[in-house]
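The residues making up each chain are set out below.
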Amino acid sequence: MTSPVVRVSGLHKSFGDLEVLKGIDMDINSGEVVVVFGRSGSGKSTFLRCINFLEEPDQGTVEVAGISVAAGLPTRHRRKEIRRLRTRCGMVFQQFNLFPQMTVLDNVMEGPLRVKGESAAEVRDLSMQLLADVGMADKADQHPIRLSGGQQQRVAIARALAMRPDVMLFDEPTSALDPELIHEVLAVMKRLADTHSTTMVVVTHEMGFAREVANRMCFFHEGVILEQGTPEQMFGSPQRAETKKFLDAVI
Amino acid sequence: MPDSSTREAVPHQRHGLAQSIEAASLAIPFRVKVAAVWAVIFALLAFAFFRSGFDIQWMIDKTPAIVRGVWVTILFSVIAITAATFLALLGALGRISKNPIAYGISGFYTSFFRGTPLIVQLFLWYLALPQLAIGLLPEPYASWFIWPAQVAGVVGIAFNYGAYMTEIFRSGIEAVPHGQTEAADALGMSYGQRMRRVILPQAARIVIPPTGNEFIAMIKDTALIGLLGTTILWADPFRVAQLTGKADFRNLEALIIAAIVYWGLTAIFSFFQRKLEARMSKGYVRTAVKAG
Chain C
1 MTSPVVRVSG LHKSFGDLEV LKGIDMDINS GEVVVVFGRS GSGKSTFLRC
51 INFLEEPDQG TVEVAGISVA AGLPTRHRRK EIRRLRTRCG MVFQQFNLFP
101 QMTVLDNVME GPLRVKGESA AEVRDLSMQL LADVGMADKA DQHPIRLSGG
151 QQQRVAIARA LAMRPDVMLF DEPTSALDPE LIHEVLAVMK RLADTHSTTM
201 VVVTHEMGFA REVANRMCFF HEGVILEQGT PEQMFGSPQR AETKKFLDAV
251 I
Chain F
1 MPDSSTREAV PHQRHGLAQS IEAASLAIPF RVKVAAVWAV IFALLAFAFF
51 RSGFDIQWMI DKTPAIVRGV WVTILFSVIA ITAATFLALL GALGRISKNP
101 IAYGISGFYT SFFRGTPLIV QLFLWYLALP QLAIGLLPEP YASWFIWPAQ
151 VAGVVGIAFN YGAYMTEIFR SGIEAVPHGQ TEAADALGMS YGQRMRRVIL
201 PQAARIVIPP TGNEFIAMIK DTALIGLLGT TILWADPFRV AQLTGKADFR
251 NLEALIIAAI VYWGLTAIFS FFQRKLEARM SKGYVRTAVK AG
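Keeping their order, the protein sequence lines are chains C and F. Counting from 1, one number per residue, gives the positions in the first sequence under our numbering. Counting from 1, one number per residue, gives the positions in the second sequence under our numbering.
Take the hints with a grain of salt, since some may be wrong.
[Unchecked claim] Which chain F residues face chain C? A few, computed with CB under 8 Å, are given here:
hint: 1; residue: SER171
hint: 2; residue: ALA175
hint: 3; residue: GLN180
hint: 4; residue: GLU182
hint: 5; residue: ALA183
hint: 6; residue: ASP185
hint: 7; residue: ALA186
hint: 8; residue: LEU187
hint: 9; residue: GLY192
hint: 10; residue: GLN193
hint: 11; residue: ARG194
hint: 12; residue: VAL198
hint: 13; residue: PRO201
hint: 14; residue: GLN202
hint: 15; residue: ILE206
Hints in this document: simulated from the structure, not taken from any laboratory. Ideal Cβ positions, reconstructed from N, Cα and C, are used throughout, including at glycine.
Next up, chain C with everything else stripped away, as it sits in the complex (with noise of 0.2 Å):
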């Protein structure tokens, strides 16, 4: 890839007189996994929530597969570019929001057939082959309600990628589970990255899977990315005191 996946520039966001994003570049290339970390109002999520616009951000631009947003009113053009840009990014969150009404196989069907218009049945082997992926084929018929956090949480994964995007965005993706359950989510993403090469960006306290799973680890700090790195140069030798304040905290 000569260019980057993912673009940002100039990002801005404000929750009323609070500044929660003060300017985030940030340029993610093709197969790189991108750890984001920091303290809790840090900006980390709404900075994840920007990139497919799920927030409005004030000032910035982003751009994914070439599809390129940039902050302004909500006009019906830019409407339809921001719903282009969703079906290039797959979200994962905390809560894991799966459609209660449907089966575990619907929901991953679901983004394909309606959102893409793409056939029932190529659509359903590919949502089966994902399934079988994040171990969830035996559940394809049952309800979310029925499932364990983390199964629900591999099944929101499967139906992420069911779109095929060209990233993934992960929102805290095991902050919701039992410390019994977080293992097997982190499996199946780290899985992503070793032999899917997934484009990934991950919020996440999980220092041990940035650690592991990491090319790039970006420590935001009151709304600026106030370091980044590789995990060993993080973890080895952080530059900023606030840095290894937070580390040495979570570690």
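Assemble chain F onto chain C, guided by the hints.
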């Protein structure tokens, strides 16, 4: 302190009879006692009716004619609830819309139709709308708005109930967790897809029980349509009772029959309503078990 001790002492001073009555009463289940109270109420009413020269034979003769009107009630109610559901859906989408036109129209709709008496609205549709149409429109268009009493009545009830149900639907839609909207948006769904595929199916579960209550209330309010005027073919139980009762000076008998007919009808639908509610509250677990 001394006060309460004297109070407690009282039962011990009672006679054996009072005590054994209390003991016997405690042995009877609450439901049995309530049934007894109902039985006494019915007995008193029956006594009052017969003392006042209640004509039971007249009642037996006229009951079929009055009961026949039930079909009018059911037909009007079913048409009106269908139309009201459609209006409420549009109204609710308007109430949550960021579009000022949709928001404004739905706001006017719920404010006016919930803020004025139903009976006034029925006469507006029946008598005032034709006057407006004749004043504004050339023929033949004006006559499109001159409706029979039944049409004006059903339309009036549908718009009135639609306004109340708008608020039910709006709160049902808002009760769907925000994460569902985000998940739909993240997949790139349009507004229509998000509503149809994700939000409304979940809101439906929430709004079906209160909508059932509206339907039961509506069954009773269809009796108002008769006040606009009617033909024998389209007379509901109340209207038939009113006409036959007046003709034979048997108002008490006739209206009692009509009241019982509505009462029975709402009791039947309340029964199904409770069944439905119990089913809905079991939620998705039930279907999941079936599928698995």
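F/LEU187 as chain C interface residue, shortest Cβ-Cβ below 8 Å: 4 Å, holds
Per-residue hint verdict: F/GLY192, partner chain C, C-beta under 8 Å: Nearest chain C Cβ about 10 Å off; hint violated.
Quick check on F/GLU182 please, does its C-beta sit within 8 Å of some C-beta on chain C? F/GLU182 check passes; min Cβ-Cβ to chain C is 6 Å, inside 8 Å.
Given F/GLN193 as an interface hint, is its Cβ closer than 8 Å to any Cβ of chain C? 6 Å, holds
When the nearest CB of chain C is found for F/ARG194, is that gap smaller than 8 Å? 10 Å, violated
Can we keep the F/ASP185 interface hint, with Cβ of chain C closer than 8 Å? 6 Å, holds
Would the hint on F/ILE206 stand, with a C-beta cut-off of 8 Å toward chain C? At 12 Å from the nearest chain C Cβ, F/ILE206 fails the 8 Å test, so the hint is violated.
F/PRO201 was flagged as interface toward chain C. Is the shortest Cβ-Cβ separation under 8 Å? 5 Å, holds
F/SER171 as chain C interface residue, shortest Cβ-Cβ below 8 Å: At about 19 Å, which exceeds the 8 Å cut-off, the nearest Cβ of chain C leaves the hint on F/SER171 violated.
Interface hint status, F/ALA186 versus chain C (Cβ within 8 Å): 4 Å, holds
Can we keep the F/GLN202 interface hint, with Cβ of chain C closer than 8 Å? 6 Å, holds
Under 8 Å is the threshold here; is the Cβ of F/ALA183 close enough to any Cβ of chain C for the hint to stand? 4 Å, holds
When the structure is compared with the earlier hints, violations turn up for hints 1, 2, 9, 11 and 15 and for no others.
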